[in-house]
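A.B. asks: Construct the entire structure; sequences and hints are all you get.
So the protein lines, in turn, are chains A and B. Counting from 353, one number per residue, gives the positions in the first sequence under the numbering used here. Counting from 353, one number per residue, gives the positions in the second sequence under the numbering used here.
It is possible that part of the hints are untrue.
It does not matter which identical chain is meant; a pair holds if it fits inside one copy or across any two.
Result set (DSSO-like, lysine-lysine): computed pairs, CA atoms no more than 27 Å apart in a straight line [stated by the list, open to error]: (1) Lys633 <-> Lys582; (2) Lys533 <-> Lys402; (3) Lys730 <-> Lys402; (4) Lys694 <-> Lys710; (5) Lys416 <-> Lys385; (6) Lys755 <-> Lys639; (7) Lys481 <-> Lys576; (8) Lys755 <-> Lys482; (9) Lys582 <-> Lys639; (10) Lys633 <-> Lys533; (11) Lys455 <-> Lys402; (12) Lys560 <-> Lys402; (13) Lys730 <-> Lys745; (14) Lys745 <-> Lys694; (15) Lys560 <-> Lys582.
If you're looking for bench data, these hints aren't it; they were derived computationally from the structure. Computed from a predicted model, the values in this text were never measured in an experiment.
Letter by letter, the chains look like this.
2 protein chains.
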Amino acid sequence: MGQFNAIVGQSGGPTCAINATLSGVIRACLESKKINRLYGMKNGIEGLMKEDIVDLFSFFEDEKSLDALELTPASALGTCRLRLPDIGGDESRYEKIVEVLKKNDIHIFFYIGGNDSMDTVDKLSQYVKKNALDILVIGVPKTIDNDLVVTDHTPGYGSACKYIATTLKEIIRDCAVYTQKAVTIVEIMGRDSGWLTASASLCALDGKGVDLIYFPERAFDDDKFISDVKRVLDDHNDVVVAISEGIRYSDGEYVCHNNSVDVFGNRQLCGSATALASLVKGRLGCKTRAIELNVPQRCASHLCSATDIAESVMIGSHAVKLALEGRSGIVPVFVRQDGEYKIGFSCANAHDIANKVKFIPDNFIGEDECSATEECIKYVLPLIQGERFPEFKNGLPVQLVIK
Amino acid sequence: MGQFNAIVGQSGGPTCAINATLSGVIRACLESKKINRLYGMKNGIEGLMKEDIVDLFSFFEDEKSLDALELTPASALGTCRLRLPDIGGDESRYEKIVEVLKKNDIHIFFYIGGNDSMDTVDKLSQYVKKNALDILVIGVPKTIDNDLVVTDHTPGYGSACKYIATTLKEIIRDCAVYTQKAVTIVEIMGRDSGWLTASASLCALDGKGVDLIYFPERAFDDDKFISDVKRVLDDHNDVVVAISEGIRYSDGEYVCHNNSVDVFGNRQLCGSATALASLVKGRLGCKTRAIELNVPQRCASHLCSATDIAESVMIGSHAVKLALEGRSGIVPVFVRQDGEYKIGFSCANAHDIANKVKFIPDNFIGEDECSATEECIKYVLPLIQGERFPEFKNGLPVQLVIK
Numbered sequence: 353m354g355q356f357n358a359i360v361g362q363s364g365g366p367t368c369a370i371n372a373t374l375s376g377v378i379r380a381c382l383e384s385k386k387i388n389r390l391y392g393m394k395n396g397i398e399g400l401m402k403e404d405i406v407d408l409f410s411f412f413e414d415e416k417s418l419d420a421l422e423l424t425p426a427s428a429l430g431t432c433r434l435r436l437p438d439i440g441g442d443e444s445r446y447e448k449i450v451e452v453l454k455k456n457d458i459h460i461f462f463y464i465g466g467n468d469s470m471d472t473v474d475k476l477s478q479y480v481k482k483n484a485l486d487i488l489v490i491g492v493p494k495t496i497d498n499d500l501v502v503t504d505h506t507p508g509y510g511s512a513c514k515y516i517a518t519t520l521k522e523i524i525r526d527c528a529v530y531t532q533k534a535v536t537i538v539e540i541m542g543r544d545s546g547w548l549t550a551s552a553s554l555c556a557l558d559g560k561g562v563d564l565i566y567f568p569e570r571a572f573d574d575d576k577f578i579s580d581v582k583r584v585l586d587d588h589n590d591v592v593v594a595i596s597e598g599i600r601y602s603d604g605e606y607v608c609h610n611n612s613v614d615v616f617g618n619r620q621l622c623g624s625a626t627a628l629a630s631l632v633k634g635r636l637g638c639k640t641r642a643i644e645l646n647v648p649q650r651c652a653s654h655l656c657s658a659t660d661i662a663e664s665v666m667i668g669s670h671a672v673k674l675a676l677e678g679r680s681g682i683v684p685v686f687v688r689q690d691g692e693y694k695i696g697f698s699c700a701n702a703h704d705i706a707n708k709v710k711f712i713p714d715n716f717i718g719e720d721e722c723s724a725t726e727e728c729i730k731y732v733l734p735l736i737q738g739e740r741f742p743e744f745k746n747g748l749p750v751q752l753v754i755k
Numbered sequence: 353m354g355q356f357n358a359i360v361g362q363s364g365g366p367t368c369a370i371n372a373t374l375s376g377v378i379r380a381c382l383e384s385k386k387i388n389r390l391y392g393m394k395n396g397i398e399g400l401m402k403e404d405i406v407d408l409f410s411f412f413e414d415e416k417s418l419d420a421l422e423l424t425p426a427s428a429l430g431t432c433r434l435r436l437p438d439i440g441g442d443e444s445r446y447e448k449i450v451e452v453l454k455k456n457d458i459h460i461f462f463y464i465g466g467n468d469s470m471d472t473v474d475k476l477s478q479y480v481k482k483n484a485l486d487i488l489v490i491g492v493p494k495t496i497d498n499d500l501v502v503t504d505h506t507p508g509y510g511s512a513c514k515y516i517a518t519t520l521k522e523i524i525r526d527c528a529v530y531t532q533k534a535v536t537i538v539e540i541m542g543r544d545s546g547w548l549t550a551s552a553s554l555c556a557l558d559g560k561g562v563d564l565i566y567f568p569e570r571a572f573d574d575d576k577f578i579s580d581v582k583r584v585l586d587d588h589n590d591v592v593v594a595i596s597e598g599i600r601y602s603d604g605e606y607v608c609h610n611n612s613v614d615v616f617g618n619r620q621l622c623g624s625a626t627a628l629a630s631l632v633k634g635r636l637g638c639k640t641r642a643i644e645l646n647v648p649q650r651c652a653s654h655l656c657s658a659t660d661i662a663e664s665v666m667i668g669s670h671a672v673k674l675a676l677e678g679r680s681g682i683v684p685v686f687v688r689q690d691g692e693y694k695i696g697f698s699c700a701n702a703h704d705i706a707n708k709v710k711f712i713p714d715n716f717i718g719e720d721e722c723s724a725t726e727e728c729i730k731y732v733l734p735l736i737q738g739e740r741f742p743e744f745k746n747g748l749p750v751q752l753v754i755k
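C.D. replies: Now the structure itself:
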């Protein structure tokens, strides 16, 4: 394979690790010596179609800048939520993309994103194959939600878990200072799956844990919830509850007040903790507090999991390895070995990952449907190991911004 | 002064630094060799009246435990919000307190708390003086709100500022990834004063800052706000606004509305950020996001300001120094030197601090009433300097709990 150019983009919701993956792609491209130029597309395929691209090799000329990139949250190349239409319909977007790639002598297209983004990888790779084009299309997984199928876990998940569990431990300390009965409800991200909520199970490993945990994989019931809360209040006054933002009643309605939809048809959820705090206050009369962890769960780079960041760099590099082997339409994935935690790599077809959602296994949820099991803890714990703090300047973290 | 016992308690809302101050008291008592026993009262004077006290010297026998205490958030001794009645009225609480102190041969009473707690220090010191009792009463300042008069700043404030400014920088990165117009409103603690909101000014020192900042010291106006937001949107699409939770309209009403009454007749109070997000969405039609930083602002010990923690330990030790000089009814305070940042100590009468609130100076707020000035930045910046991370075990911070 001779000298040619490659391009990388980021897509979907940002995470703390999406730039570590970008760094992994950049590093591997630099080291391979087979790639002449590595471009970055600004705002995913949206920017690519406008030829809004940057030369990454000249931007990242040293180790220090790549280090800073790895610990900067949120997509340094910007993002988009644009979906490609099905092949065989209006192919103008595909034509535009290919036109830009050809014009810039780009033969490898890397796309870092979640299950919606893998749909783009799948479709684009089918299009280039159908038209016998000399372009390889590789997806690289990403999401705090950990809901991609096939892969053991996703880049970004471990750091989000570390942040959530740390913050919950600190909230538990805050709640413990008062003598009066109080119920504090903490709302954790996770549209449909309880992977992030599962991190609440870790607090109990050292000291007082979260008292009740509610996963979206189980139908929520107000009466059962109140009964669970009462039971805990009988034992101690400072009750801390963790809920997924996506908990729903048995009729399918979300336990929150306001929602709207994004362009992918995903509902924007908020307010479940507030709704339940009202319920508790009304039924039990005690003090309540609702805390929505919100966006910081996905961008708290000041508290990354060193394991997550290292793995995210590695999977970016692994994507380059697959491309240099001439693969296309595929995605590198994590494989967890049995026994002591050790990560390995495999790959999957983008088609098998796109648009699918992975839910937590039944054996993660306690029979009482308001707790997590040992299996749950065992799964999450290795992913939050190790600390890697950003450089601080003037008291605040240094961030790398690509203009 | 011969061998005698002392007692220390914590009161009011917890902070990240309240245990560092406790550590300072413990350290200085140990080093003085003049104190036989140092007790801790559980849950402030509430616990003291029930003689719920612990022997702190035997609990903290080594450096490692004091280190862990300094980086554990929230009052390790628990807290209370109990106020003492005025002297001359029902004095039964005073009698009870003195009874417990006498029984345990306690001659020095330290109380770590905010302006309400300084009221307790003031009244109790008056009571012991009136009754010619051999008891010294010393207050030690504390609050994330920074609203205590006399002192240059308060223990706990610097860490809260570091956390807020760091989190805002990360939110700014997250908002920057999208191309669509969006207004993100971040709600910061501080019911009446804008000291914590002032930390939003620091983000602009390196990279994109917060676009608009609204302090509670200025009357809020919806039309002006929308006009400010429009002006920023004309320049760039990712608008980030910081507001104090305590912003009010010119008629005194808080900008957080009751949007419903639940089935029990409880008004649902949603936050100011949520209210303003609705306003923006309604008037401008763009995407909006409301983020309430909430309790983590006061307990995020995984990201303390090393300056804040060091000063908080020192002020605890300084309180012991004042007690050993025979002072009573007083409070050590910070004094900032001119020129390069250097902290010094003085003391004030608890009476002059109790029940008073300090607002931010006019010269901290820009003339446009939606920004902060250089003076504001200059004041806050030294207080967030330096990082001191807790020890991590199994991926989570180690916390010291006093049973």
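A.B. asks: Failing hints, ascending?
C.D. replies: Violated: hints 3, 7 and 8.
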